[in-house]
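Please take these sequences and the hints and turn them into a complete structure.
Read top to bottom, the protein sequences are chains Y and H.
For the record, in the first sequence the residue sitting at position 68 is 68 according to the working numbering, with numbers rising by one throughout.
For the record, in the second sequence the residue sitting at position 138 is 138 according to the working numbering, with numbers rising by one throughout.
Don't read these hints as lab results, they were simulated from the structure.
Every residue, glycine too, gets a C-beta built ideally from N, C-alpha and C.
Check before you lean on any hint, since a few could be wrong.
What the hints assert, rightly or not - With a straight-line cut-off of 27 Å between C-alpha atoms, the simulated DSS-like cross-links for lysine-lysine are: (1) H:K117 <-> Y:K212; (2) H:K176 <-> Y:K52; (3) H:K165 <-> H:K154; (4) H:K123 <-> Y:K212; (5) Y:K83 <-> H:K117; (6) Y:K217 <-> H:K123; (7) H:K117 <-> Y:K217; (8) Y:K217 <-> H:K154.
Stated by the list, open to error - A partial selection of chain Y residues facing chain H, derived with a Cβ cut-off under 7 Å: (9) N5; (10) P27; (11) I77; (12) P80; (13) H81; (14) F115; (15) Y116; (16) G117; (17) Q118; (18) I180; (19) F182; (20) K217.
Said to hold, decoys possible - To give an idea of the chain Y side of the interface with chain H (calculated C-beta under 8 Å), a few residues: (21) L26; (22) F46; (23) A64; (24) P78; (25) G119; (26) L175; (27) A187; (28) A190; (29) F193; (30) V197; (31) L209; (32) L210.
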Amino acid sequence: MKKSNIAMLLVFLALIPLTLFLGEKLPGKGYYITGVLIIAELMLPFFMMFEKRRPQARELVVIAVMCTIAIIGRVAIPIPHFKAAYAVIMLTGIAFGPETGFIVGAITAFASNFFYGQGAYMPWQMMAYGAGGMLSGFVFLNNKVPRKPWIMAVFGFLSVILWIGPLLDTSHIFLMMPEINFSSVTASLASGFPVNVSQGVCTALMMFLLGKPLLEKLDRIKLKYGMMEDENGV
Amino acid sequence: MREDAFSKFHPAVNLIFFIGAMCFGVLLQHPVYLLAGMFASGVYYFLLNGRKGIKAIAGMIPLFIFITLFNPIVNTRGITVLFSLFGRPYTLEALIYGVAVAAIFVVMLLWFGCYGKVLTGDKFTCLFSNIMPSIALLLVMVFRMIPNFVRKAKQIIAARSSVGKGTEASASIKDKLTSGMSVIGVLTSWALEGSIVTGDSMRARGYGTAKRTSFMVYRMTKADWVLIVIMLAMLGVVIGFAASGCMYAEFLPERNIAPIEGVNIIAFITYLGFLLIPTFLHIKEVIQWNISRYGI
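Written out as structure tokens, the structure is:
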């Protein structure tokens with residue numbers, strides 16, 4: 001990471017306590033606004049980093065392709081409530097690294113809101129999906145963790161129930177709960193748990209079955225056209 | 001579908017309206033202001049969605065009741081105890097507060113529904129193409145690829161079923177799953193090869209050599225500026241009055257709601273007027289249309 005990028009991250013991180021301090025003074029359910037602002041402050045530096053390194057045309061198109069596949073995955077699998085998005089985002093993160101994983105996750109969430117209808121939880125979705133892509137990118141960076149199907153399946157399951165799911169469920173705290181206290185937080189997280197487990201099983205299945213073939217395809221594209229090899233995107 | 005009058009304004013105008021409406025939608029929990037928000041968002045939602053809108057609004061009623069009844073379970077503050085549930089008091093104040101929370105939630109759902117109809121993908125990318133060109137371009141490409149890929153996926157599925165590898169509705173989940181994975185795999189291979197061609201073609205045409213300009217359908221006109229000034233002025237009035245505390249409402253542990261009287265009525269009328277801008281523009285257009293039709 002470049003020095004200027006680190007400086008930018010620090011500026012945005014410094015903005016968060018300030019937002020919390022000012023948000024405290026807002027009346028009513030002002031904490032929804034505070035929540036949205038904090039998510040924006042967390043995500044903006046990554047988008048700005050992406051803009052600053054001026055991504056190449058090839059890279060942009062490949063990212064767009066992966067986002068689209070994550071969004072329309074459910075067309076290919078005729079099973080109701082089966083979500084393909086998490087697995088595709090994670091696999092992209094594994095293949096192209098944490099930065100691209102984040103962008104693919106966040107854009108997938110954002111664009112699917114235009115496709116399936118806007119919701120007030122959209123910022124949380126962007127954050128959770130982006131964080132999911134980023135985490136998988138970090139875990140499997142430089143082949144430290146072997147990319148075996150069952151390892152990826154376990155990783156997919158755990159990251160949905162422990163990382164993406166809870167991040168997504170925090171939106172209930174801000175949207176549906178009358179106030180933020182310990183019981184409302186635990187109630188929100190507990191109410192999301194069964195859904196997270198079922199999504200986690202779906203993701204694990206997808207990672208097990210799709211993981212190897214999809215990664216081979218992505219690696220082949222990378223090798224064939226020499227893409228995304230330099231960390232700075234050339 | 002005929003576009004409604006407010007959607008024809010510049011995306012920036014649309015965005016300012018929705019930011020204002022949504023921020024005040026979550027900030028104000030005064031019952032009268034909540035009613036105004038529910039009324040304005042409900043009417044505009046109906047104008048945008050027609051009969052389907054009524055069904056969607058009716059579908060929100062169970063949610064409204066659920067959130068209302070749920071609040072006193074997690075929130076036990078309040079003076080008037082109605083009865084006790086699981087050994088915890090179920091209070092009247094918390095129930096009333098539940099109504100307010102549910103109203104805020106429903107108003108947000110409705111405003112977001114309107115937002116999705118008005119600020120479509122192309123308008124959003126138009127707004128952000130100058131600030132974040134790569135992200136905006138990425139979004140445009142995704143919006144274009146979605147219908148394209150759905151078509152391709154259906155072709156792949158059809159081709160597979162013609163060689164006896166199709167999955168009917170009666171197929172087992174395992175078959176559906178493995179077949180779905182193959183479809184995604186084929187789709188990915190096809191799309192990635194195509195994406196390289198697209199990318200090289202973009203580069204050959206000079207992508208990245210200079211600042212990218214965008215195709216803009218929307219231009220700021222005089223009417224847009226006038227509406228922006230009116231909206232900002234109205235928001236300023238509402239914020240000014242809100243700072244004076246006339247929209248204050250507290251439910252827990254005791255009800256304490258600021259009365260709406262005297263000059264505070266101005267604040268309420270301004271707020272309602274602001275929220276009804278899209279509805280007003282819609283009605284104005286319908287009347288104008290009918291007048292000019294009778295003129296023929």
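Broken hints, by number: Hints 1, 2, 4, 6, 7, 9, 12, 13, 15, 18, 19, 22, 28, 29, 30 contradicted; others consistent.
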